[in-house]
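In the order they appear, the protein sequences are chains A and B.
Going by the numbering used here, the first sequence wraps up at 440, each residue one higher than the last.
Going by the numbering used here, the second sequence wraps up at 929, each residue one higher than the last.
None of these hints come from the bench; they were simulated from the model.
Note that the structure is predicted; figures quoted are calculated from it, not measured.
Any given hint might turn out to be false.
[Said to hold, decoys possible] Once the Cα atoms are required to be at most 30 Å apart in a straight line, the calculated DSS-like pairs of lysine-lysine come out as:
(1) LYS490/B x LYS439/A
(2) LYS479/B x LYS435/A
(3) LYS479/B x LYS439/A
(4) LYS532/B x LYS298/A
(5) LYS641/B x LYS439/A
[Claimed, not checked] Covered stretches of chain A (in silico footprint by chain B; criterion: 3 or more residues with CB under 8 Å from a CB of chain B, positions within the stretch not fixed):
(6) 301-308
(7) 317-331
[Said to hold, decoys possible] A short list of chain A residues far from chain B (calculated; beta carbon distances all over 10 Å):
(8) TRP86
(9) THR103
(10) GLY192
(11) LEU197
(12) GLY240
(13) TYR247
(14) VAL262
(15) HIS311
(16) GLN349
(17) GLY394
(18) LEU397
(19) SER403
(20) THR406
(21) ASN409
Positions of the beta carbon are idealized from the N, C-alpha and C atoms, including for glycine.
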Amino acid sequence: MNTWTTRLDNPLSVRLRDASVTGYAGLGLGVFAAFLAIPPIEARAVVWPILAGILGASLGVWTVTRGRRRLGWGAVAAGVIGIGLGILATRSSAGNLSSVFDATLFAQTLSFATPLIFGAIGGMFSERSGVVNIGLEGMMVMGAFWGVYGADKGNSWALGLVVAMGAGGLIALVYAFFAIQLRSDQIVGGTGVNFLAVGITGYFFVTLYHNNPIPNGVPLLPNVHIAGLGHFLEGSIGDLNILTWAGLALVVVSYVVMFKTPIGLRIRACGEHPRAADTVGINVYAIRYGCVVLSGVLAATGGIYLSEGPQGNGSFLFDMPQGVGFIALAALIFGNWRPAGAFAAALLFGFSTAIGLRLQVYSASYATLFNALPFILTLIAVAGVIGRTVAPAADGKPYAKQ
Amino acid sequence: MANPDPVSQTEDLVLEMRGIRKEFPGVVANDEVSFEVRRGEVHALLGENGAGKSTLMNILYGLYKPDGGEIRVNGKPVSFSSAREAIQAGIGMVHQHFMLIPVMTVAENIVLGIEPSKGFLLDESGAEQRVRELSQQYGLAVDPGALVSDITVGQEQRVEILKALYRGADLLILDEPTAVLTPQEATELFQIIRSLQADGKSIIFITHKLNEVLEIADRITVLRRGKTIETAPRAGATEASLARAMVGREVLLRVEKGASDVGDVLLDVKDLHVLDDRGIEKVRGVSFTVHAGEIVGIAGVDGNGQSELIDALAGLQKVQQGTITVDGRDISEATPRQALDAGVGHIPEDRQRRGLVLEFSISENVALHDYASPPDARWGWIFPGRMVEHAKRLIKDFDVRGGGPFTRAGGLSGGNQQKLVAAREIDRDPKFLIAAQPTRGLDVGAIEYLHRRLVSERDEGRAILLVSLELEEILSLSDRILVLYEGRIVGEHTSDVSEEEIGLKMLGGKEKTAA
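Please build the complete structure, drawing on both the sequences and the hints.
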């Protein structure tokens, strides 16, 4: 069937015909089609997105015939959607467009991505050690409330951060006890954590603040101002929150820890084959406890960003994260349980949230539709269109010593 | 051999276990067991399943705490409470089910737990270097940078041995090491064992295969029902004498079977193609027949299309191309139910996952196929009493021990579970019977029973397809042997073919002898 491709011994041309290369190229062209009309490219003719989309879709069809069906159909779908979005964009006025796409879009994307990064990296530690953590949402609630409380009472955002991390670590410790020591079902246990966190924060919110809004003047997490970068850069990274920078550092640090150090090797061993780890003398329980508590601390850091960050203004609302913890979990899965992947997914989700807000200038219904994008993308990723995501083999399986 | 005069080293004991006792609720697993290993010897620990070999080794490796007795390593009394302490005392264990992490490299698996480091970071190249040195020192060829998921089972075993050596093991426990290997790989393993021995390592070789014991061991200790029966030098031991010590009675090692009385073609497979669950073609154009009164053996290394072939014959996997005919009836498109009704009996590879519902009672398991038809049921109503009667009859006919009709199937021993599956399948009077790995993991007594039963079913005029990874089983039972390699039949032999010839074909023919 493919004798003529193998007969060509030029490695580059063979590689370019490789099904996965054409599939990803098709996906990329589909996405590109949607962005042709917006800055910085600003192609105003309808023909360009149509052309790019058709090219992407045909690469997809080629990929399907080479056997990579899921990837191929994904590229076809991306091409078709890209044509639709591209046409919509070329038809809208240039003024509207530039109000949606400008330098602050980048800053806003990073801002929305920040809690997701902390949540997803936290989740990564827990799940790489073999404990599924759907309690991220609850751990974030803890961070959001106790962070405000600490900052209010201590009159210092740093103290708030410490209190938030402590509260997240504490509820994670409770979860770890159930999931590791008592070997209870981790989905049920994680759901319990989510409810427990809402209950605890709700109770103390009423008791401590009598259900009134938290007083004004609570010190907020500061932004880091960087001047003299030029117009575009200053607009995008000149005024980011301190936690956003910390999140970017966390991505690098967590990668090094997880994949380049002995402790990371042990954590991954516990998540893949705990008995093998046990037989070489690794304390599986200790590793898992440590990782789950760390995931609580990190998720709570993401949580305090919601109440004490630029979008929160130092006020706490019931059920504050509104699903951010679950989206972080989705980013973790979308990113294949790897720091860089989770970061990319968090950026994508942050971008879709940011653009959803800006699309209000067109219509509120489009904007709402855009907010659903993270979930649709996650569904597509889990269904295996863009490569297959593989969870750690022992993820979610309690370990019993012999 | 490598150890010219073991007797002169009597005083130099690496390990002494005296009067070891271990009780589990209701069972005495080790009853005053004594066991010793000299420095530099290969000591075989022989016994049936449940004889107490694993318990004894788990005690030695620190996984169980003994109820009584004394353990000395290099003359010093020890009491291990975890594997880590046993490792520190120089004991290494290669488990029957490998303890390797597929997504990590060979080097990562070996150094896990005592990793070389540069500051905070893992010293990846140092680890690979160390592994390379060790593997050269003992002739254990592996690629330190390869992912474990990409290497063969034989190589995985070498990684396990290297893991123990990396931890400084002087005494190696090999638990059923040849169970997963081809004959060629087993020969290589024996060479490795001899080179370890030459280096002064002591080896405990746990097995129930008698020929291997006679080939590799310096001394042999036989356990039976938790007691030490004897410790004897290899010289003077025979397969028959060891089998008698293991089982406690005379055992028929060779299956006694007369010439086959071949009748009509009952199974006719033509140009069969089958895909596996991931859509990869695993059976690629297989044609063969099985006649009434004949056992046809399918030999091959695991993963060469056996499972897909069996599933297609039983109606469990879709046939991509080709036909399957049972006694003149085309079942290529049949559902499992239609295949059963056409006269196919199926003893599946994995009795615990596919043969039985472990949480069901024996009587419910017996009724799994015919629960919906008389006499078990009528007018949509099940009659449990009749199921129980049926189960009682089969328990008696097939000598299923360890429970009655209401016993949970999961509570039976492996041998009795397999007898139960065989009973259910044979009792339906199939024309064509698939026996997939019928004796995997069973002890000598149960193997003897099942082999005799298969031969007697053959003599009844059934067509039997025996699929097994145990070459010895294929050779001793089959009237004709087909070798399956990468989804194709690469050889057909009569039962007098040599083990080496089949072994070569299993690895893809003569041109790949070096593999």
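Outcome of the hint check:
Taking the CA atoms of LYS490/B and LYS439/A, the gap is near 28 Å; set against the 30 Å cutoff, the hint holds. Between LYS479/B and LYS435/A the CA atoms are separated by roughly 26 Å; this keeps the pair inside 30 Å, and the hint holds. A threshold of 30 Å between alpha carbons decides the hint, and for LYS479/B with LYS439/A the separation of about 14 Å falls inside it, so the pair holds. A threshold of 30 Å between alpha carbons decides the hint, and for LYS532/B with LYS298/A the separation of about 10 Å falls inside it, so the pair holds.
About 27 Å separates the Cα atoms of LYS641/B and LYS439/A, which keeps this hinted pair within 30 Å; it holds. Taking a C-beta to C-beta cut-off of 8 Å, the segment 301-308 of chain A contributes 5 residues in contact with chain B, enough for the three needed, and the coverage statement holds. Using a Cβ-Cβ cut-off of 8 Å, 4 residues of the segment 317-331 of chain A lie near chain B, which meets the minimum of three, so the contact claim holds. The claim that TRP86/A lies off the interface holds: its Cβ sits roughly 37 Å from the closest Cβ of chain B, which is beyond the 10 Å cut-off.
Here THR103/A stays apart from chain B, with its beta-carbon at least about 15 Å from theirs, past the 10 Å limit. The Cβ of GLY192/A sits about 33 Å from the closest Cβ of chain B, beyond the 10 Å cut-off, so the non-interface label holds. No Cβ of chain B approaches the Cβ of LEU197/A within 10 Å, the least distance being about 29 Å, so the stated non-interface status holds. Even its closest Cβ contact with chain B, about 42 Å, leaves GLY240/A beyond 10 Å, as expected for a residue assigned away from the interface.
Once the 10 Å rule is applied to beta carbons, TYR247/A is consistent with being away from chain B; the minimum gap is 43 Å. Annotated as non-interface, VAL262/A keeps its C-beta farther than 10 Å from every C-beta of chain B; the closest such distance is 27 Å. Not every beta carbon of chain B lies more than 10 Å from that of HIS311/A, the smallest distance being close to 5 Å; the non-interface claim is violated. In this structure GLN349/A is separated from chain B by more than 10 Å, as the shortest Cβ-Cβ distance comes to about 35 Å.
At roughly 37 Å from the closest C-beta of chain B, the C-beta of GLY394/A stays outside 10 Å, upholding its exclusion from the interface. Against chain B, the non-interface label of LEU397/A holds: every CB pair exceeds 10 Å, the least being about 41 Å. Every CB of chain B lies more than 10 Å from the CB of SER403/A, the least distance being 41 Å, so the non-interface label holds. No beta-carbon of chain B comes within 10 Å of the beta-carbon of THR406/A; the shortest separation is about 39 Å.
The Cβ of ASN409/A lies farther than 10 Å from every Cβ of chain B, with a closest approach of about 35 Å, so its non-interface assignment holds.
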